[in-house]
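**Q** Residues per chain are reported as follows:
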Amino acid sequence: MDEMLRLEHVSYRYHDGIPALADVSLSVTEGQRFAVIGSNGSGKSTLLHIMDGLLEPDRGAVYFRGRRVSESSLKDGDFLRYFRGRVGYVFQDPDVQLFCPTVLDELLFGPLQLGLPEDEALARADEVIDMLGLTQLRDRPPFMLSGGEKKRVALGSVLTMNPELLLLDEPANGLDPRTQTFLLELVFALSEAGKTIVLATHDLSLVSELHCEVAVLSEEHGIERVGPADEVLEDEELLLRVNLVHQHRHHHGEMVHSHTHSHYLFHRHNR
Amino acid sequence: MRDSIPSFLLEPNRALPPREKIGPVRLGTIDRALEALARVTATGHAQWYSARRNGLLQSLDARVKLLFLASFVVIVSVRHQPLPQVAIALSICVMAALSRLDLRRFYLRVGLLTLFFGLIPALPAALNVIVPGDVALPLVTLEQGHRLWLYEIPRVVGVTREGTLTVLLLSLRVMNSVGLAMLVLHTTPLSEALRAMKLLRVPDTVILIISLSYNYILVFAGFVEAMYLARKSRLVGTPRGAEARVWAAGRMALLFKKTRSRCEEIYKAMQGRGFMGNVRLPGPVRLQTRDWAAAAMMVLAGLFFLWL
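Protein chains in written order, with the working numbering: chain B, 10 to 280; chain U, 29 to 336.
The shape of chain U in the complex, shown without the other chains (with noise of 0.2 Å):
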């Protein structure tokens, strides 16, 4: 063996010369793809520590927290007073803080959605151009007002003191939705969450694609991280464009064929266990006096909320 090896194998490692100089390594726009999808994996790891933590919603039943969730998105959008959307935007952050969740990352990811699908959307709605009112902040002074398709454009246009309330009001609206949502699902495990939706009567087929999906997704997330490691441990400098779109191509391709013959495989499985094209999942389990109790609190509180 030894006499068919290469002699610069058997030479000690000399540093290569630059071809060019390299500079500072950046990372490139697919590199920094994979690494956000290579985070999936600890995603899915941090959702179930959180989901786990000895904390207030965390004890409850998921049956209980999913029609909490449900019943209070429904008061949300009824109620288009400021008064019970502040007392509901403190209620969730009470509610957060006794479950021990980050608030500091709880309130990052409840903001950022509230910017985008909230705040952004509906600033337009705070000028007079949109919804007329007292200026409260002038923005341009034309000389004289115009007519624009169906906007009358006044001659002083700016930000009207119900227009920001208006967009205020539906921001807030949108941040109680979102940080419900986010409150469930950060203290709720993904299993106990699916079986919960036996009460929704979704039926046991639907539940079990959900969670293959789910699970699958973070074991070919782990994967993904691999396949950009094993690239990155041999790669010097940030590479071209066009190489790191050749490679990324090849990889999806390959990602691909792994799927598809680990469906195949994981088929064989379900069969080889007794799967016969109808699946039959565990039932839920029987509701305890504190989900009863929570449950009527719940209750109380919306109604509370719905009469504020």
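So that you can see chain B by itself, here it is in the shape it has in the complex (with noise of 0.2 Å):
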């Protein structure tokens, strides 16, 4: 498989003072699955930022399909147009991302600013509505929605611009049980359709579901180890290092003792 996105020594303090990334080096291939953990201000979204050309890295670069992006490369209308019509970037905070009067627009807006004809925009916002069951929300504005439906239409939002890769930034952050299922359900199948899907998460069962190649921040902010799942989830040691796990205190009478605890390690099924 060839290689898709390509970070190679990146690094970025906010105002020049506050460190977000330390020297992030990674590389993702076409059609793999992709996960950031971290804990909290590790750098997972400026991670994405960077990946994605929204921010400039103080040190380093980052390839996307052999082609360096940066903010000089981004001037170029050709280039950008390349870019943005094939990476995708769900945010985090689904009220950033909605910014159009209507579900329908925001489906609209993305293959509108690539270029597309009016009426393949509309049949592929069309479609996306159906596959995300919107047909209801369609005339609906974004801030009449709740944040399940926010999301969804976010993510849609993106799909319409048909992107070989996705970003996405807490995906499940917020989400009740049954969105969050719809919503790993419809990861699989983009990424059987041959998607690209880097997300940025701290939820680890959400990542074992995944079976995905992982890269662990650490609270430094820089990569602590880049493995597949299986194997870094079973890293206890390295999890409580990186705070994704934390250290359980028990009392049994007058002895107390403590271990590691996470509703991931200790309450996942049997395979």
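Derived by calculation from the structure, the hints in this document are not laboratory data.
Note that CB positions come from ideal geometry on N, CA and C, so glycine has one too.
Please note: incorrect hints may appear among the correct ones.
[Stated by the list, open to error] If the Cβ cut is set under 10 Å, some of the chain U residues that face chain B in the computed set are:
#, residue
1, His73
2, Arg81
3, Leu213
4, Pro217
5, Arg223
6, Ser239
7, Leu246
8, Val247
9, Arg288
10, Arg290
11, Ala297
12, Met298
13, Arg301
14, Gly302
15, Phe303
16, Met304
[Claimed, not checked] Straight-line alpha carbon distances no greater than 30 Å define the calculated DSS-like cross-link-like pairs of lysine-lysine that follow:
#, chain 1, residue 1, chain 2, residue 2
17, U, Lys286, U, Lys260
18, U, Lys285, U, Lys260
19, U, Lys296, U, Lys226
20, U, Lys296, U, Lys286
21, B, Lys84, B, Lys204
22, U, Lys296, B, Lys84
23, B, Lys84, U, Lys260
24, U, Lys296, B, Lys204
25, U, Lys285, U, Lys296
[Unchecked claim] Per label pair, the in silico range of CB-to-CB distance:
#, chain 1, residue 1, chain 2, residue 2, range
26, B, Gln145, U, Arg137, 28 to 34 Å
27, B, Leu195, U, Ser105, 53 to 59 Å
28, U, Leu228, B, Pro28, 37 to 43 Å
29, B, Pro126, U, Cys121, 28 to 34 Å
30, U, Ala254, B, Asp128, 40 to 46 Å
31, B, Asn171, U, Ile148, 55 to 61 Å
32, B, Arg187, U, Gly250, 21 to 27 Å
33, B, Glu127, U, Cys291, 24 to 30 Å
34, U, Ala70, B, Glu127, 48 to 54 Å
35, U, Val101, B, Leu195, 48 to 54 Å
36, B, Ser81, U, Arg314, 40 to 46 Å
With the hints in hand, could you dock these two chains into one complex?
**A** Next comes the structure, spelled out in structure tokens:
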């Protein structure tokens, strides 16, 4: 499989002071499911911003299909259209992403900016509305949607652009179990359809379900480890070190003992 | 963890003795303002539901309604006789009823706006000091007439018949203009009204800016409401003016900061979906037969009111 995205020694600081990423290098191949996991503030969202060319790293480089993604390369209109048409980013906060008057307008926005004819954009929007169960919400303004509905619309607004690479920032955050299951099934379906998926999350059960390649970000904003989910999620010491599991204390009468605990590690089903 | 919990948290909750008599809780000015701002969200919802009802005007294309509004506002302003104004007022009432609008709420809004922008500013014209005429209701009788700058103050100052008709006619015209605008506003979803603005050659970028502004005013109104409720949940009694002002100033600063960072995030989201400086929005849909029929009827009605 071809390499789709490559980051080389990427570092970034906010406002020239607050560190967000420190010397991050990783590679994502075509068709891969890839998860970036880390605690709050480890730099997951910043990493996705940089992958999508929305932030320029202070040091290092980002390459999409061998071509450098930078502020200057994105000034080339042809490359910008090429890149935006192939990389879709679903933000963690759907309120940021939903800025059009209605749900249908949201789904039409991306394809129209890419220059697709209106009837083709409308046909795509109708299909995505159907797939995501948004038919009843088609003419509704985004501010009238529930959290789960907003997430689905946010995802749909990116899917109508038919990206090759999907960047999902905390996709299951704040969703009820049914919507989470729906999302997971959708991610699998998109992956089987050939899409490359990169998601940022601290939800270990989601990562386990996806059977993906995992990059672990530490609280020092660097990559601790990259490997298959099965192996990474078995490494309790690593997960404790990067604050993805916690130390749990038990009282047994007078005695107190502690052990690592996470709902993923201790409540998973046997395969 | 249990060892580090403060002891008062481990004891049952006892009612605190009041520092001073609290008295009845009244809403301060800032609280009232915040409540009103929070209701903005409810207004947005109400407007959408009203525009989605199965009524006469809701089924028409926004472009037809916008042209109707523009042309009838012109007719209202050029007709200076009471009969056509009354006929237009009655037509507005009938259309509002057929569009299933809440007439009481509709006329409350229209009435308030007419009062402040029509009747009250026009009232001085009812006096013979401003518009000379036969006094129908004397108010003040002076020993003799006076001249004050441009105005001739007669011996008997009062309300004239001509002045009263002038005030009523002006108020009626304002009421009709406001009524027409409210009618279209309450029967047209904002998204369709914005799309119809393309008919007036308004650039897509301006339409998007208006849409974004409306959307995020409502989003931030929701945030203000949440802040207000969070404060309310921990308040006992009415906070003093200075305390409330300090709180409001702090929240305004936070809201300003949030809107700034939110602006940057939204811009990134737009870039992420292909925005490259010039925006392209979907065009309007084709007009249906009923839209053409409604447009024809509106033209005929307009000609009738011009003739009346």
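**Q** Run every hint past the structure and note whether it holds.
**A** Evaluated hints:
1. His73: holds, 6 Å
2. Arg81: Result: violated, 13 Å to nearest chain B Cβ.
3. Leu213: With a closest approach of 15 Å, the leucine 213 of chain U hint is violated.
4. Pro217: OK, holds: proline 217 of chain U within 10 Å of chain B, min 7 Å.
5. Arg223: OK, holds: arginine 223 of chain U within 10 Å of chain B, min 8 Å.
6. Ser239: holds, 5 Å
7. Leu246: holds, 5 Å
8. Val247: holds, 6 Å
9. Arg288: violated, 13 Å
10. Arg290: Arginine 290 of chain U check passes; min Cβ-Cβ to chain B is 7 Å, inside 10 Å.
11. Ala297: holds, 5 Å
12. Met298: holds, 7 Å
13. Arg301: holds, 4 Å
14. Gly302: It holds, given that the least Cβ distance between glycine 302 of chain U and chain B is near 3 Å, below 10 Å.
15. Phe303: holds, 6 Å
16. Met304: It holds, given that the least Cβ distance between methionine 304 of chain U and chain B is near 6 Å, below 10 Å.
17. U:Lys286 with U:Lys260: Holds. Lysine 286 of chain U to lysine 260 of chain U sits at ~21 Å (cutoff 30 Å).
18. U:Lys285 with U:Lys260: holds, 22 Å
19. U:Lys296 with U:Lys226: holds, 26 Å
20. U:Lys296 with U:Lys286: holds, 15 Å
21. B:Lys84 with B:Lys204: holds, 26 Å
22. U:Lys296 with B:Lys84: Holds, because 15 Å separates the two Cα atoms, which is no more than 30 Å.
23. B:Lys84 with U:Lys260: At roughly 49 Å apart (the allowed maximum being 30 Å), lysine 260 of chain U and lysine 84 of chain B break the hint.
24. U:Lys296 with B:Lys204: holds, 22 Å
25. U:Lys285 with U:Lys296: Since the Cα atoms of lysine 285 of chain U and lysine 296 of chain U sit roughly 17 Å apart, the hinted pair holds (cutoff 30 Å).
26. B:Gln145 with U:Arg137: 28 to 34 Å: holds, 30 Å
27. B:Leu195 with U:Ser105: 53 to 59 Å: holds, 56 Å
28. U:Leu228 with B:Pro28: 37 to 43 Å: Because 51 Å falls outside the window, the suggested range is violated.
29. B:Pro126 with U:Cys121: 28 to 34 Å: Distance hint for proline 126 of chain B, cysteine 121 of chain U is violated at roughly 45 Å.
30. U:Ala254 with B:Asp128: 40 to 46 Å: 41 Å Cβ-Cβ, so the 40 to 46 Å window holds.
31. B:Asn171 with U:Ile148: 55 to 61 Å: holds, 59 Å
32. B:Arg187 with U:Gly250: 21 to 27 Å: holds, 25 Å
33. B:Glu127 with U:Cys291: 24 to 30 Å: holds, 29 Å
34. U:Ala70 with B:Glu127: 48 to 54 Å: violated, 34 Å
35. U:Val101 with B:Leu195: 48 to 54 Å: About 49 Å separates the Cβ atoms of valine 101 of chain U and leucine 195 of chain B, which means 48 to 54 Å holds.
36. B:Ser81 with U:Arg314: 40 to 46 Å: At 44 Å between Cβs, range holds.
The structure is inconsistent with the numbered hints 2, 3, 9, 23, 28, 29, 34, although it conforms to all the rest.
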